[in-house]
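Colleague: Given chain A's structure and the hints, the job is docking chain B onto it.
Here the protein sequences come in this chain order: A and B.
According to the working numbering, the first sequence is numbered sequentially starting from 7.
According to the working numbering, the second sequence is numbered sequentially starting from 415.
By construction, these hints were calculated from the structure, which means they are not laboratory data.
Yeah, the Cβ is synthetic: ideal placement off N, Cα and C, and Gly gets one too.
Mixed in with the good hints there might be a few duds.
Stated by the list, open to error - Each pair of labels, with its calculated beta carbon distance range:
#, chain 1, residue 1, chain 2, residue 2, range
1, B, A504, A, I100, 45 to 53 Å
2, A, A102, B, K507, 56 to 64 Å
3, A, A182, B, L517, 29 to 37 Å
4, B, A449, A, E26, 51 to 59 Å
5, A, L48, B, W478, 29 to 37 Å
6, B, K507, A, P135, 33 to 41 Å
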Amino acid sequence: MAEPRLIRDYLADLNARLPEGIVEELRDGIEQTYRRHLDAGLDQYAAERAAIAEFGPPAAIAAAFTDAAPGRSAARTLLRLGPVVGGCWAAALINARAWTWTIPMIIPSAVAVVPATVIALLITAAFAPHYRAARRAASAALIGLVAIDVALPGTLALPGLLNSWPLILATGLSLARTGLAIRALRRIRLN
Amino acid sequence: MKAEALKGHLDGMLLAALEDGPRHGYAVIEHLRTASGGHLDLPTGTIYPALHRLERAGLVAGSWSVVEGRRRRSYTLTDAGRPALEGRRAEWKTFASAVGAVLEARPWPNPA
Chain A
7 MAEPRLIRDY LADLNARLPE GIVEELRDGI EQTYRRHLDA GLDQYAAERA AIAEFGPPAA
67 IAAAFTDAAP GRSAARTLLR LGPVVGGCWA AALINARAWT WTIPMIIPSA VAVVPATVIA
127 LLITAAFAPH YRAARRAASA ALIGLVAIDV ALPGTLALPG LLNSWPLILA TGLSLARTGL
187 AIRALRRIRL N
Chain B
415 MKAEALKGHL DGMLLAALED GPRHGYAVIE HLRTASGGHL DLPTGTIYPA LHRLERAGLV
475 AGSWSVVEGR RRRSYTLTDA GRPALEGRRA EWKTFASAVG AVLEARPWPN PA
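Looking at chain A on its own, in the form it has when it is part of the complex:
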């Protein structure tokens, strides 16, 4: 069946806002709605308008999908957990008198810049009004978070420095957060 013009334009609008798989599902639904109106005796133009009116504005549909987007709830959870994990690492580093360590300057710079970038991406993933932007930000933030949570214990724990309760606690929280982030990343890839 050739797609009627109004429905084609409506789907093109949705296509600009949402991933192909979702639009494919919506296309199936709106075409069945359109056929029901044709069967009820409406002409093509009226049936198209009725089907589109039943579905609602593309912006509202896209906003509802964005709210249910994979990665969005994980981003919100991780934003809430952030201060707890960060606080533990701060306590561990203070306890280890990290300011007395002799380390290349690049490490403190990375410690400041990478988490700040990840937080900005998590905020985008949690609150961005656009599906694709939210999803991209969630993927990038989760990858960044996994990198941080692997690098921190890898740098401090593996060389035999896992010698205090704050460090053990911070390492445990980082590993738990890595599991959460990897699970959320898998969900994003599956959708």
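Modeller: Here is chain B on its own, set in the frame of chain A:
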């Protein structure tokens, strides 16, 4: 009945629509329409995001099939979805009894 009045009950109705077996999005919408005697006035497009949200919560499972050359996504109630549906039913009964008791000025049912 407007969407505003249904806030909080949509998830339960969607789970109930899948209780008897798998349905695709449009069939879920048709079920809501016919089961309510045409009284439910929901923007159809918002049913699909709600199904996706339930899928992410693990209460329904989505799968693709091919019908008349077109891919179609169907949803099935999961093992976790069944107790969730019973929970929603119990919540609804309490809610409906409470609102009914106030609106109709009748006493709250005595558990004894």
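Colleague: Please go over all the hints and tell whether each is borne out by the structure.
Modeller: Outcome of the hint check:
Distance hint check for A504 (chain B) and I100 (chain A): the Cβ-Cβ separation is about 50 Å, which falls inside the suggested range of 45 to 53 Å. At roughly 57 Å, the beta-carbon separation of A102 (chain A) and K507 (chain B) lies within the given 56 to 64 Å, and the hint holds. Remark: the range hint 29 to 37 Å for A182 (chain A) to L517 (chain B) is contradicted by a beta-carbon distance near 48 Å. The given range of 51 to 59 Å is broken by A449 (chain B) and E26 (chain A), whose C-beta atoms sit roughly 32 Å from each other.
Between L48 (chain A) and W478 (chain B) the beta carbons are some 30 Å apart, a value that agrees with the proposed interval 29 to 37 Å. For the hinted restraint 33 to 41 Å between K507 (chain B) and P135 (chain A), the CB-CB distance of approximately 37 Å keeps it satisfied.
The earlier numbered hints that this structure contradicts are 3, 4.
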